[in-house]
Structure formats: structure tokens, C-alpha cells
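A.B. asks: Sequence:
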Amino acid sequence: MSDRPRLLPLLGGNRHGSRDAMTCLYRCGNACDHPVPNSSDNPYFGDLVDAEVSRRGVVRAGAVGALVLGFGGTAAGALAGAAPAVAAPATPTAPGTDEAAAALARPGSGALTFKPIPPNKLDTLVVPNGYDHAVVIKWGDEVVPGAPAFDVRQQSAAAQAKQFGYNNDFVGVLPIDRKRALLVVNHEYTNEDLMFPGFTSQDALTVEQVRVAMAAHGMSVVELERVADTGQWRPVRRGRREYNRRVTALATKFELTGPAAGSAWLRTAADPKGRTVVGTLNNCAGGVTPWGTVLSGEENFNQYFVGGDGAPEELKPKLARYGIPTDVRYPSGSRKWDRADERFDLAKHPNEAHRFGWVVEIDPFDPQARPRKHTALGRVKHEGANVIVARSGHVVAYMGDDERFDYLYKFVSDKKFMPGNSWVARKHNLTLLESGTLYVATLTGDSPAGEIDGTGTLPADGGFAGRGRWIKLVSGNRSYVDGMTAADVLTFTRLAGDKVGATKMDRPEDVEPSLLTGKVYVALTNNSDRGKAGKAPADEANPRNANKHGQILELVEERGDHTGEAFTWSLPIVCGDPADASTYFAGYDKTKVSPISCPDNVAFDATGNLWISTDGNALGSNDGLFATAVEGPERGHLKQFLTVPLGAETCGPFVTRDNRSVFVAVQHPGEISGATVENPASTWPDGDFAKPGVVVTWRLDGGPVGS
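Numbering (numbering that gives the first Met the number 0), first residue to last: 0 to 706.
Just so you know, these hints were derived from the structure itself, not from any lab.
It is possible that some hints are incorrect.
Claimed, not checked - In silico DSSO-like pairs for lysine-lysine, Cα to Cα no more than 27 angstroms straight-line:
#1 Lys161 - Lys120
#2 Lys415 - Lys426
#3 Lys498 - Lys531
#4 Lys426 - Lys272
#5 Lys531 - Lys315
#6 Lys120 - Lys471
#7 Lys252 - Lys272
#8 Lys315 - Lys272
#9 Lys415 - Lys347
#10 Lys589 - Lys114
#11 Lys272 - Lys178
#12 Lys161 - Lys335
#13 Lys252 - Lys161
#14 Lys426 - Lys414
#15 Lys591 - Lys547
#16 Lys415 - Lys120
#17 Lys315 - Lys426
#18 Lys120 - Lys178
#19 Lys534 - Lys547
#20 Lys531 - Lys547
#21 Lys534 - Lys315
#22 Lys547 - Lys471
What the hints assert, rightly or not - Ranges between beta-carbon positions, derived for each pair:
#23 Pro117 - Glu564: 18 to 26 angstroms
#24 Arg237 - Asp326: 48 to 56 angstroms
#25 Gly129 - Ala578: 43 to 51 angstroms
Backbone N, C-alpha and C fix where the C-beta goes; we use that ideal spot for every residue, glycine too.
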């Protein structure tokens with residue numbers, strides 16, 4: 000009898016939109032098949048309505064004066080209208096060079112003139128007329144020079160540790176000069192069904208195959224070159240390629256920084272000082288910093304651990320809050336990595352799980368630099384982190400905890416950003432995320448509670464909107480949460496959010512500040528448990544019960560101050576079929592809008608358009624990438640730009656700063672129940688079996704993408 004991991008039933012039992020049961024198993028360890036980790040009795044949003052706040056009192060951010068160079072960053076010159084109070088931040092490029100400035104071309108008018116593509120179920124990547132696309136790199140391709148050729152039937156951990164990893168998610172492109180750049184990619188998780196020919200069960204894998212899977216997690220840094228003078232890019236295949244690098248769950252050492260580093264919660268037998276962690280797990284989204292590094296969020300790390308039933312009794316409630324079952328040794332869908340490394344057995348090493356769930360920072364321009372995990376930013380299931388430099392010069396990082404009914408966070412640095420490309424500036428800026436203040440969000444609506452009935456019907460004032468507060472959790476070594484030390488708050492940040500009454504959200508994933516306005520956008524993916532018995536009901540920020548399709552939240556910091564503690568918010572997009580009365584697209588004519596479901600990642604192009612990728616489209620089509628203006632008369636005119644192959648999720652995305660290239664990660668193509676290497680559900684991209692990969696799309700005439 001096979002012990003093949005149990006797959007969730009399709010459609011009726013799958014509560015992650017239309018995600019296949021195989022994806023639920025491998026992506027998040029069947030998270031929706033387990034109790035919601037947040038069992039706190041925080042006040043329902045509807046009980047906190049502030050009826051005195053007018054929706055028309057939203058603070059506009061036209062003179063925000065904040066600066067950022069991150070996901071799809073742009074030149075400082077493009078911010079001329081923002082009246083910055085600090086000097087323009089350093090271009091994220093090789094330290095000490097100014098060549099990247101030459102890479103910035105006119106980004107275009109910003110008008111999204113492409114003809115939207117229709118929803119489809121094709122096993123290919125579809126782009127608009129007038130565009131082309133190419134696979135940049137895929138699973139098994141060479142990263143470290145000299146890596147062996149990929150052989151799916153003869154894979155080894157040593158080979159995989161030099162090759163491009165599996166299931167690429169975050170994509171960042173950091174320019175070196177006009178013709179060269181560094182591609183930085185997360186490898187979120189593995190799917191052994193689709194990696195190993197003849198797979199029958201996790202137990203049947205050899206220990207070496209388990210180590211292959213561990214090596215396929217992590218990150219890749221790859222030097223790219225522009226193809227001629229087009230928007231196409233490809234890996235450099237000659238010369239030293241000194242920046243090329245693999246970071247893995249198997250062997251890469253990470254330095255812990257910040258107030259919780261060295262605390263009792265992070266000490267293990269192998270690391271009695273609690274300052275060095277081996278590996279990174281389930282890296283999802285991320286961001287590019289103004290000082291030229293990449294941030295990566297460790298998300299569903301809970302699924303890699305076993306032995307929760309043997310953990311100390313006093314620790315079990317904390318483990319459970321992070322989704323680690325404490326009543327069985329091997330949870331449903333366990334990868335059983337303890338066979339290759341006993342540190343994943345919590346009965347033996349109960350603190351090892353606390354060493355994951357952090358924001359990771361990697362310096363792609365220094366291959367010898369040890370990556371770091373920043374405890375000052377808290378420990379949750381981080382989707383990612385994106386940075387903006389406030390008018391004061393302090394760095395502010397926005398983050399989401401990707402779980403049903405979990406919270407939205409921000410971090411404000413103690414130190415100020417130092418502009419310029421000098422080594423002195425860069426050395427200083429590399430310390431910015433090591434100390435500061437961590438906040439969690441509470442949101443209140445401006446409509447009477449009775450107008451929010453769970454159907455998505457707009458309130459009388461014509462939109463979902465309200466105010467919010469950032470609640471201080473910890474600053475340096477000072478905790479603001481009763482009964483918790485600073486190390487407690489940072490290691491068990493979810494519990495701290497519970498204690499202060501943070502607002503329960505519909506899976507807050509990517510959180511991205513706009514370069515041009517300073518407004519912050521949050522992808523709230525979905526929440527099938529919203530409104531169920533014993534669960535939080537619909538509220539104005541999460542206005543639909545049994546929310547299948549998700550929404551986009553727009554947050555405006557009061558007086559444009561990203562370091563402040565007050566904000567206003569609204570929902571410009573409530574996703575789904577535009578023909579459905581419960582959807583909303585900033586008041587735009589819905590007959591002209593593309594259907595969208597389950598927003599996951601967001602990014603901006605150089606002209607300020609919002610790009611949204613989806614994960615788990617519950618409308619029956621392949622996932623895709625969408626774009627819309629967020630200001631002006633075209634606000635809410637959402638158009639589908641591309642679709643990914645059958646069974647895949649659209650990750651990334653990243654729009655280069657010259658607006659000539661759009662990168663997306665095609666994650667888990669062919670991840671459909673019953674698929675195997677020998678019997679694939681998708682043959683993208685090579686026609687044999689499915690391989691995750693990164694794709695670049697560009698306009699055939701060389702013009703700016705989108706317009």
C-alpha cells in the first residue's frame with residue numbers, strides 16, 4: 000500500500016480558489032485543510048467602525064515627497080514632481096558605478112494601450128499582439144559556472160546546488176549598466192511528484208533525493224545581458240560570471256541580526272549562540288532596496304518540520320499559532336526532511352522552527368557576503384518586504400503575513416538612509432534593517448456596520464474606505480506588548496498582533512509602495528473562511544464572506560509621512576468577474592474591464608501603473624498578469640496582459656526601469672493532480688515535461704511595455 004501524500008479533493012474541498020490539490024499539498028502543506036492558526040478573539044472590524052470619518056476625507060499623497068527604488072524602480076528624475084526632502088537614493092546597481100543611469104530611457108506616456116488578451120486554458124504563455132516573450136532561465140539550467148548538465152533521471156544535490164532551483168517566485172532585476180543586469184530569483188518550494196521520475200511517496204525517496212529537494216529551495220543570482228538593443232534578456236554564458244550564485248536550504252549559512260539574534264528562542268544544539276542559521280525556506284515574494292540588495296520573505300516554513308507532538312508542552316501553543324501541528328509526529332503532506340537532517344525534528348530541536356519566517360537580505364553584488372535574516376522585522380509567514388525612503392530619510396518596510404485572518408505590518412528604521420553610491424554609504428545602508436520600530440495595522444471603516452453585509456454590495460457612500468492606525472509592537476529592545484519581551488514579540492509576532500487587537504485580513508500578501516505617489520498597495524488574495532461560524536465576518540476592508548477572489552487595498556499615510564502612525568485606506572479593486580455585482584474597479588465601466596481573481600503580487604512600472612499577478616484563479620482560467628492606472632480617468636481600467644501555462648501561477652512580476660521589459664516567474668506549470676514526470680499535465684517550456692522558469696516579455700518595436 001502506497002503512503003503517497005493525501006491530496007485534497009478538487010474544487011469542492013479546495014479552499015484556495017481554484018488551486019489544484021497538488022499545489023495545496025506542496026505549496027503550503029495543505030494549510031486550508033488545517034484549522035486557521037489565528038484563534039484570537041480580536042474585535043471584529045465591524046465593531047470598530049468610526050462613523051464620523053468621511054470617505055471624502057482621505058488624505059491625498061500628491062506631495063508625498065517619499066523616495067523608493069525597488070520593484071520596478073525608476074530614475075530619481077522621474078520623481079521631480081514629488082518635491083523630495085532628501086537626496087535621491089542610490090541606484091540599485093554595482094557599488095561605486097553610475098553606469099546604470101545610462102540604462103534609463105524614456106518610459107513612455109503611461110497610457111495602457113495594449114489590447115487585453117482573453118482568459119484561456121492554453122498550455123503556453125500568451126502575450127498581446129505586438130509583443131514577444133522568451134524563457135530566460137528554467138529549472139536545472141546552469142547558474143554556477145561549471146554546473147553539470149541537467150539530467151532529471153540522474154540528479155544529485157551537488158548538481159542542483161549549482162543549477163537553477165525549482166518553483167521560482169520573486170524576480171528582481173538590478174542593472175549593472177545598459178546591457179548587463181543581475182537577476183535575483185526566489186525558489187519557493189519543490190514538488191517531488193514532478194521532479195523525480197517514478198515518484199510514489201516521500202518515504203520512498205532516497206536521502207540523496209531529499210537533499211536534492213533541499214538544494215532546489217533558496218535563491219539564485221544570475222548575470223544577464225541584453226539581446227541587441229531590444230527588451231529581451233538572456234543569461235551570460237561566458238567569462239567569469241563572478242556574481243552568479245546559488246543560496247540553498249541545504250548548506251548556505253545566514254547571519255541573524257537585530258534584537259532577537261542570540262536570544263534563547265533562537266539557540267539550538269548546533270548553534271548555541273543563536274546567531275547562525277543554515278538555509279532559507281519557502282521564499283516567496285521580496286523587494287529590491289534603494290541600496291542595491293534584495294529582500295526575500297520566508298513564508299510557509301511550518302510544513303518542513305515534524306515532531307511537533309514531542310515539542311515541550313509550553314511551546315506547543317506558539318508552534319500551533321504558526322501552523323505547526325502539535326498532535327502528530329508527521330503532519331499531512333510532510334516532506335520528512337528529518338531523514339536528511341534531524342534539525343527538522345522539533346522533538347529533538349524545538350527551537351529550529353523559530354529560525355525561519357524572517358525577512359532575508361542578500362547582497363547580489365557581493366557573492367562572498369553572508370545573507371542575513373533580520374529579526375527586527377518580526378517573524379510571520381512573510382510574503383515579502385518592500386522598502387520606501389520617507390521624507391525624514393528613515394527607511395520604511397511594508398509586509399504582509401500570508402494567512403487567512405492574519406495581519407499587515409510595517410517597520411521604520413532607527414537610522415536614516417545615506418544617499419550615494421560610495422562604499423561608505425553602502426556599508427551604512429546595509430545596517431538599516433537591523434534596528435527600528437515594528438508596527439501592526441488596525442483598520443476601521445467609515446460606513447455603518449449594517450451596510451457591510453458580506454455580499455460585496457457597496458455602502459451608501461459608493462466605496463469601501465476608512466481609516467487605520469499603526470500599533471507599535473516593539474522598538475529596539477523595548478516591547479510595547481504586555482507580558483512579552485522584545486525577543487518574544489519579534490520571534491512570536493503573530494501572538495503580539497493578537498494581543499494588541501490587529502485587524503484580521505484576507506491573506507495579505509505582497510505590499511508595495513508606489514514610486515510616484517507614495518501610496519501603498521496590498522494584495523489581499525482570498526479567504527474562504529471569512530464569515531463562517533466562529534470566524535470573523537465580513538468588514539469594510541474585507542467586504543465579502545467566503546471570499547474567493549480577493550481585493551486590492553490602497554493605503555495612504557497621513558500627511559504623506561511613512562513613519563507616522565495614522566493612515567486612510569480604500570479598496571480600488573474588488574476582484575472577480577466584472578459581471579458580478581460584488582466586484583468593483585474604482586468606479587470604471589465594468590464592461591471594459593478584464594476579469595481577475597486571487598491577486599498575489601503587485602509591482603509598478605516607471606510611469607506608476609499597477610501590475611498585478613494572480614495565484615489560483617477561481618474563475619476557471621489560467622493565472623495571469625494584469626495592469627491598470629491608479630490615478631486619473633483610467634483608474635480601475637484593468638486589462639489582462641498575459642496568461643501563464645496550464646496549472647501555473649504568475650509570480651514576480653518585475654518591470655525594468657526603462658519600461659522595456661516585463662519579467663514574470665512561471666511557477667509550478669503542470670501542477671495538476673495525477674501529473675508525473677512521465678505523464679505531465681503541461682509540457683511547458685520544452686515540450687517534454689514541465690519546468691518552472693522565468694520569462695521576459697517585450698514590445699517588438701522596442702517601445703515601452705503596456706503603452
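A.B. asks: Each of the hints needs a verdict: does it hold here or not?
C.D. replies: Okay, the hints, checked on the actual structure:
| no. | hint | result |
| --- | --- | --- |
| 1 | Lys161 - Lys120 | violated (34 angstroms) |
| 2 | Lys415 - Lys426 | holds (13 angstroms) |
| 3 | Lys498 - Lys531 | holds (22 angstroms) |
| 4 | Lys426 - Lys272 | holds (25 angstroms) |
| 5 | Lys531 - Lys315 | holds (26 angstroms) |
| 6 | Lys120 - Lys471 | violated (46 angstroms) |
| 7 | Lys252 - Lys272 | holds (14 angstroms) |
| 8 | Lys315 - Lys272 | holds (23 angstroms) |
| 9 | Lys415 - Lys347 | violated (42 angstroms) |
| 10 | Lys589 - Lys114 | holds (16 angstroms) |
| 11 | Lys272 - Lys178 | violated (44 angstroms) |
| 12 | Lys161 - Lys335 | holds (24 angstroms) |
| 13 | Lys252 - Lys161 | holds (16 angstroms) |
| 14 | Lys426 - Lys414 | holds (13 angstroms) |
| 15 | Lys591 - Lys547 | holds (22 angstroms) |
| 16 | Lys415 - Lys120 | violated (49 angstroms) |
| 17 | Lys315 - Lys426 | violated (40 angstroms) |
| 18 | Lys120 - Lys178 | violated (35 angstroms) |
| 19 | Lys534 - Lys547 | holds (16 angstroms) |
| 20 | Lys531 - Lys547 | holds (13 angstroms) |
| 21 | Lys534 - Lys315 | holds (22 angstroms) |
| 22 | Lys547 - Lys471 | violated (32 angstroms) |
| 23 | Pro117 - Glu564: 18 to 26 angstroms | violated (45 angstroms) |
| 24 | Arg237 - Asp326: 48 to 56 angstroms | holds (55 angstroms) |
| 25 | Gly129 - Ala578: 43 to 51 angstroms | violated (28 angstroms) |
Hints 1, 6, 9, 11, 16, 17, 18, 22, 23 and 25 from the list above are not met by this structure, while the remaining hints are.
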